[in-house]
Amino acid sequence: MNLNNIEKVCINLSTVRNNIPLIQCITNYVTINDCANILLAYGASPAMCEAYDEVFDFTKISSALYINVGTLTKEQEEAAVLASISAKVNNTTVVLDPVACGAIPRKAAVINRILELGRVDIIKGNIGEIKFLAGEASAVRGVDSLDSGEGALDACIRLAKKYNCIVASTGKEDFVTDGTRSAIIQNGTEMLTKITGAGCMLGALCGATAAYSEDKFIAAVTAILSMNLAGEEAYETVKVPGSFKVKLIDCIYTLTEEKLKKEGKIIWQ
Amino acid sequence: MNLNNIEKVCINLSTVRNNIPLIQCITNYVTINDCANILLAYGASPAMCEAYDEVFDFTKISSALYINVGTLTKEQEEAAVLASISAKVNNTTVVLDPVACGAIPRKAAVINRILELGRVDIIKGNIGEIKFLAGEASAVRGVDSLDSGEGALDACIRLAKKYNCIVASTGKEDFVTDGTRSAIIQNGTEMLTKITGAGCMLGALCGATAAYSEDKFIAAVTAILSMNLAGEEAYETVKVPGSFKVKLIDCIYTLTEEKLKKEGKIIWQ
Amino acid sequence: MNLNNIEKVCINLSTVRNNIPLIQCITNYVTINDCANILLAYGASPAMCEAYDEVFDFTKISSALYINVGTLTKEQEEAAVLASISAKVNNTTVVLDPVACGAIPRKAAVINRILELGRVDIIKGNIGEIKFLAGEASAVRGVDSLDSGEGALDACIRLAKKYNCIVASTGKEDFVTDGTRSAIIQNGTEMLTKITGAGCMLGALCGATAAYSEDKFIAAVTAILSMNLAGEEAYETVKVPGSFKVKLIDCIYTLTEEKLKKEGKIIWQ
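Residue numbers (the numbering used here), protein chains in the order written: chain A, 1 to 269; chain B, 1 to 269; chain C, 1 to 269.
Don't take every hint at face value.
One-sided and incomplete, this derived list gives chain B residues near chain C with beta-carbon spacing under 7 Å [said to hold, decoys possible]:
#	residue
1	Asn33
2	Tyr253
3	Thr256
4	Glu258
One-sided excerpt, in silico: chain A residues whose CB lies under 7 Å from chain C [stated by the list, open to error]:
#	residue
5	Ile104
6	Arg106
7	Lys194
8	Val240
9	Val246
In case anyone wonders, no lab produced these hints; they're calculated from the structure. Here a beta-carbon is modelled for each residue, glycine too, at the ideal position from N, C-alpha and C.
The following block holds chain A by itself, in its conformation from the complex (with noise of 0.2 Å):
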C-alpha cells in the first residue's frame, strides 16, 4: 500500500488513539497542566515523572520522552540530562523543547548536553529558538522570538542535519524538515500566542505521535497540524483567551482524522 504524507499523517493519529503512549515529560511549572490535559484529551497517558531518583528507570518504560528546558529547576535539570541519557541507552523516543535558548545562555548549555550525552527525535522550537540552535542570528524577547520567518525553512534544514534528527519551528507558518523531505503547515491562529503555553502542549504532543511511530518526521507534521485545527476550530467560536485555552482541549478532544484530511494546508517539499 502506497500512501501519501497526509494518508499517514491520519493514520499516525489513530496510532495515538490505539495505544495510549505513555509519554513522560520534564516540562516547566507554569504550563505543565496543560501539557498533562492536552495529552489526556488526545488519547495519550500523561506521566510528568522528572524526579532524578525515578527517571531513568521511567524513560526505560515509557513510549516517548519530552523536555521542555523553560525555568528547569537544578533537579529538573540533572533528571532531564539523565532521562535523556536512558532515553538513548533505552531506545525511547525524545522530543526537545529548546524553550528561550537564545535569550538564556544557560538553557543553551541544558541543551548542548541533552544532545551530546542523550538523544533527541525531534527539537521543537519557535523560530527564533531553532535559529539559534543553527548558529544564526535571530531576534528574541524573553521566551518569545520577534523573528519574520525569513529563511525559517533553510535553518530548519540545517539544524536538521547537524544532529540527524527532525526539527520543527512555529511561527505564522510552520516548518518540519528531516533535513531532506520538508512540510509547510500553513494553518493555525494567532490566538494561540495569547495563552501560555501553545508551545509546549505542542511539544508534548509531539511526544504522542512520536511514540509508536517509526517515521518522526510525519510525526511532528500530525503534532502541529492537529494543534492548528484544533486552534482554528476552537477560535472560530471563541475569540477571547480564557475561554479559548479551555476550548483548545475540548477540540483536540474531537478532532477527527477526517479533519485533518480536509482541512490540513501542507506543502510538502
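Please build the complex by placing chains B and C on the supplied structure of chain A, with the hints as guidance.
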C-alpha cells in the same frame, strides 16, 4: 439522635462549609492549582505550604494535611515526612495519596517513612496503588491503574487493618473502609479520567471533610460522593474535557446536601 | 496638558498594550499559569524566569520584576533576593507580593532581605499582610486575611513612608498610597476570593502597569481597577468559580480605557 450514614454525610458537607477548614497541601505541581481551586469551591481554605522550613509549624495550625507523592521534589519529600511527624505530634488529620507507588519504587519509600514516623488517617488511591500497598500484585502503567477492580474491597480492608486507618480506593466503583464498615460508591463518570488531577482533587477534598469530623470513614465517603456527583452533573452538560474540568469546579461549588441524599448510590456494608 | 488621575490610569493601560512590557515573575507554582495567562491577556509578555543561574542577567533585560513569596522553594528564595539586587543595580521596577508574611515567619525574613538588599517599587498585599509589615497586629489565617480593614489606609501610608514605595492593600475596599497621595478603590466582587490566585494575578498586573510608567502610584491603581472591573464584568455573567476564572481572563483581554473611565469608583485623597 440516631443518624443514618447518608445523613452523616450531609452533615459532614455542612461542617466543611460552616468551619472553612484550613487544608495544608503538599502536592505535585501538575494539579496544585486545581487542588487549591476545588478546596475553595467546596468551602475550605487551601494553603499550599510545603517549604521544609515552614511545614512543621504550619501543620500545627492546619485543620488537616493532604500529602500527595506525585512528582515530589527532594525538598517536598523531606517536607512531607516532617509535616506528617508534626501532624502526629500536634494531632492534625492526615490524608495520604500514594500516587504511582506501584510503578515507582521511590514513592513507596517515602510513603513508608510517612506511615512509620508520621500519622495517616486516610489513604486514598486508585485500586492499583491500594493493592500495591496491601502487598498484592496489580497492573499499573505510569500513574494509572489498569486493574479490573476484582478483589478491591478485600485489599482495602486488609490495608485499613494493617495501618489502622481509613482506606479509599477509586475506580469504576469506589470503595471506602475502616476495616470493619465499608461503603461501595457507584456514582461517577468516566470523564473524570480524561482530565488530569481528579484523583488529586479528591484527595484534597478528603482533607476538607476529615478536618472537623470524628468519623473519618464518613468523611472519605462524603468527599468521594461529592466528587462523583459533581462529575456526573458536569458531564450532563459538557462531554469534552476542557469544559468539563471548568464545570466540575462549578458543580462542587453548587453541590447541596439534598443532592448528596437524593442521588448518592452507596452500598453500606 | 493637565491630566486628571483617571485619565492617567487610562493612558497607563494603553502604555501596557503599546509597549508589551516583559514581566519577569518569580512566583509560587500554585498560580504561576494564571499569572502568565493574565499578563498575556492584558497585553504584556510574561517570563517566569526564576533559576538562580539565570535571574541576575534576566532582570537586567526585563521591563519589571514581580516577586511573590507564596510557597517559594529554596532555589526560588535565593533567586528572588538576587533578582531584586539585580533590579537595584540595573534600574528595573520591582513589585513585591508578601504572601502569608504574617502567618509564616520565614516569609518575613525573605521579604526583609529583599527590602534591605534589593529594590521595591510597589508592595501589594492583603490588609493582613500590609499591617504585619507596618508593624501592626492583624488577624490572619493561612494565606487569608481576616482583618476588618479598619485603619487599613493608615497602615498603608505608614508602610509607604517606611520603605519609600507604593503600597497597595486589597480587601473589601482596596487602598493605594505613595505616602502622600491615596486612592480608595471601591469596585470588585467577592467572587475574586473564591478562586485561588486573584491576588497573585493582580500583583503580576502591577508589574505590567508599572513597567513603563514613571508614576508607580497610578500604575498600582490601574492594575487594581483593571482586575476589579474585569471581576465585576465576569461576575455579571457567571456566578460560579470555575467558569468565573475563565471569564476573568477574557474580561481582562477585552478591558477598555472607556470602561476604566466610566465604571471606576475611586476616591482620590
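**OP:** Hint by hint, work out which the structure violates, then give me just those numbers in ascending order.
**Re:** Hints 3, 4 contradicted; others consistent.
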